[in-house]
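Novice: Input sequences plus hints: build the corresponding full structure.
Chains P and B, in that order, are what the protein sequence lines are. Just so we're aligned, residue 1 is where the first sequence starts under the numbering used here, counting upward by one. Just so we're aligned, residue 1001 is where the second sequence starts under the numbering used here, counting upward by one.
The set of hints was computed from the structure by calculation and includes no laboratory data. Heads up, some of the hints might be wrong.
Stretch-level coverage of chain P by chain B, calculated; a stretch enters the list once three of its residues show a Cβ under 8 angstroms from a Cβ in chain B [to be verified]:
id	segment
1	21–31
2	143–149
When the alpha-carbon atoms are kept at most 25 angstroms apart in a straight line, the in silico PhoX-like pairs for lysine-lysine are as follows [what the hints assert, rightly or not]:
id	chain 1	residue 1	chain 2	residue 2
3	P	149	B	1407
4	B	1252	B	1283
5	B	1687	B	1584
6	B	1369	P	149
7	B	1364	P	149
Using N, Cα and C, we set each Cβ at its ideal position, and we do this for glycine too.
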Amino acid sequence: MLEEQDIRAFVYGTTRYFEVAAQQAASVGSPYLVTEGAPDIHDYNGVIAVSGRRNGIVCFSAPRGMLTVLLMKMNESNVSHEYLCDLVGEVANTIAGTVRRDLGKDFAISVPTVVAGAGNTVELPIGDRPVVIPINWRSHVAKLVVCLK
Amino acid sequence: MTTRLSGRVRDQAATVGFLVLLVAFIGLVLVPGYRHADQLSADTAALKLASEQRGQPVAIAKSLAAIRDRLGSRAFVGQAVKDLRGAVQAFDQSLAQLRPSAAGTSADLREVERLWSDYRKALDPVAGFEGLPYRDSDSAGTQLNSRGRQLLQDTRQAINSSREGTDRLNTALSAIGTGLEQQVVTASATLRKLMITGVAFACLLVTLLAYFQWLKVRHERLAVEAQNQTRDILGTVKDGLFLLDADFRIGKAHSAALSALFRRDDFSGLTLEELLRDTVTEKTLATATKYVRLLWGERANEKLIRSINPLAEVEVHFDRGDGSRDLRYLEFDFHRVKGDHGVRQMLVSVNDVTSRVLLARELKESQAKSQGQMDMLLGLLQVDPEHLLSFLDDTSAALAQVNSVLKVPARGDGDFRTKIDQLFREMHRIKGDAATLGLASVEARTHAFEDLLQELRDRSQLSGNDFLPLVVSLDEIIGHLQSIRELASRADALRANAVLTTAPRAQPATTTIDAGPQDIAPSLDTLARRIATDAGKKVRLVTAGLDEVHGDIRRTVRDIAIQLVRNAVVHGIEDAGTRRGLDKDEVGLLQIQFKSGEQRFELVFQDDGGGIVPERLRETAVRRGDLSADAAQQLDTKASLALIFKPGFSTHDGNDRDAGRGVGLDFVLKAVHSIGGKISIATAPGKYTRFSILLPAQSGQQGAVA
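Specialist: The structure is reproduced here in structure tokens:
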């Protein structure tokens, strides 16, 4: 069963990244459930495995455009695939770090792995309904997929 | 323990005995033996000296005689005097050597010294003579001179003394020799005894040494055996075993199973904190560290502390190396190893109890679930299966719609408020359906969802974060419906079984099932009675024509009727006491009439309650901030009545599961409009309220065809 507090911690970690790294706040869109199949994800995904009081996967999924602008906002002119992968991994790592700080006593959070490229899927625990939280930043929308049980 | 202790005491006693024997051997044998040997050596030397001195008095007497004779013959006396002097000096030296010997304290030596002293007085003038004793003359030849004469006289006196002194000296010297001989014999005997004793001691010591050597070899062999056994135990035991020292560091020895449990091999010197770090949460780590420190306390009650062991079932996670983590449950047990000076070490045993924990958890969940399911199953058995199946399908679709509403992208406050109204309507419909079927668990969950919506509606600013509780609640409702669906299948199986076993008498049950979803009236009656009971009221529902509702509008008619029933019982019908005071039947009357026409259908819903008071509606609108007081005064009766369809508008104080959120009539209006219908209200304060709903027949006919 989902717990609001846990999801909120991951959402906070995500928005916090934009506030600090991009110096421009992101807003949270209307969250929803994925009731059938796998969630639609973008090209670049930073995935962290969570264990402890709850177990599962949290994935920060962002479109190429958002990451490109984010890199440029950070004064990085190199927007190659590798840099985008690094960036999405860094976002996931920051989320993990924030959650570890806030809920570290209850959670063990893995080092992020990056899943990139069209057609890729993120393996989610079977039988759970992931929550997708849209993250609006400028004109772009990323997704935070939280699948914990 | 006792055996080990007695063995240690025995070894200590043997060591002490050995040392005592060694000291005794040195003190009683070696030291006295050395002294006796030394004394024997001195006595032997003295005896030899005394023996040698026995000839000296005779030699002196001979020298004196030679001097006398040579003086008589006027021969040279120098050599004889010199011999005498040498003999006297030799005797002096011998006496000096005898004084420190064993004979030094004897009376015989003192007698010899006294005799010699007297004898010496007579000898000294002779022995000390220097010069010539003669004078030569042609006339008389060689004659004694005066000194010669004196020498001769002294010599004769000395010879006279020697006649008596020599024998007495010899006698005394013999006595000394005899005494010394006896001492030597005694010392020799003593020394012999000491040597025998020494040999005995030596044999004893050698025996003891041999015993100690045997003990040492035996201990070494036992130690090696124990070491091998320990190694075999540690290599075979399935528990993870290790020792912690006072610094919480793991000792060198540990069981082989520990490596498999912790997926590492470097344990020696590792602290417990280092061992657990990265595998447990920080909270668990901190608790574990505090707990182990507590165990080291001397005053700590081990049984009590072990009963609160926070590591009795600890969740650990191991990195698989691919980003994922493996969850295990380990059981730690601590045993204090005490020594003479308190707790020396801590024996820690670790077991992998993952299977047990998961099984217990599964069992517990299963039991809880079974209990809940059993209660629910009993409830579901009371529900018409067709109605239930229809409800589940409809509700699943409605929840999918709720999720779709949530999924629509939203950024601004307005977007989110629009969602709230939509969500309210969907959820309210589900709640109404659940209420008609008596599914209290679903009704309660949807009501809780509505509570969340109401809370959001009251906020001044909305964002997606505020919607997180809705998603969590939706997830819970979906999960609950899945459980109901599974139970419904089981309930069907139970019913089928019951029908088979009572086949000859099963006709009534079959009839009930065949009643089907068309039979709206009974469920509405149940709902009305339930709400009335909750509100402390009494109602009676009279329906007409509902069995003629067909096709696509059946769903809409039922939804509308549900909301109108709820609305009427909560807002319209007075409680029994009030009704009696108004000369009304204490049982409120609800009437639903459905009429089919060629062009349209008409659904009329009427209650004989207190009616709608427009003024009260206007007051509510002003209080809610929907209208200013002036604007409210401008509203006519029709516009005032229209307020009841406004989303969120309610005159009910507070909210409960049946009213108070202003959703029901909003839902009715939207439902009627959604199929192109119209709704009108007629009311008389204190008498009645009537909703007349006109629905286009086309959709109904299509539904009927379909």
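Novice: Are there three or more residues in the segment 143–149 of chain P whose C-beta lies closer than 8 angstroms to some C-beta of chain B?
Specialist: It is violated: at least three residues are needed, and the segment 143–149 of chain P offers just 0 whose Cβ sits closer than 8 angstroms to chain B.
Novice: For the pair we were handed, residue 149/P and residue 1407/B, check the Cα-Cα distance against 25 angstroms.
Specialist: holds (22 angstroms)
Novice: Checking one constraint from the list: CA of residue 1252/B to CA of residue 1283/B, max 25 angstroms. Satisfied?
Specialist: Given that 25 angstroms is the threshold and the Cα spacing comes to 28 angstroms, the pair is violated.
Novice: Within 25 angstroms, alpha carbon to alpha carbon, are residue 1364/B and residue 149/P?
Specialist: holds (17 angstroms)
Novice: When you check the alpha-carbon spacing of residue 1369/B and residue 149/P, does it fall within 25 angstroms?
Specialist: Given that 25 angstroms is the threshold and the Cα spacing comes to 17 angstroms, the pair holds.
Novice: For the segment 21–31 of chain P, count the residues whose Cβ lies under 8 angstroms from any Cβ of chain B; is that count three or more?
Specialist: Contact hint for the segment 21–31 of chain P vs chain B: holds, 5 residues under 8 angstroms.
Novice: For the pair supplied as a hint, residue 1687/B and residue 1584/B, confirm whether the alpha-carbon distance does not exceed 25 angstroms.
Specialist: holds (9 angstroms)
Hints 2 and 4, counting from the list given before, are not met by this structure.
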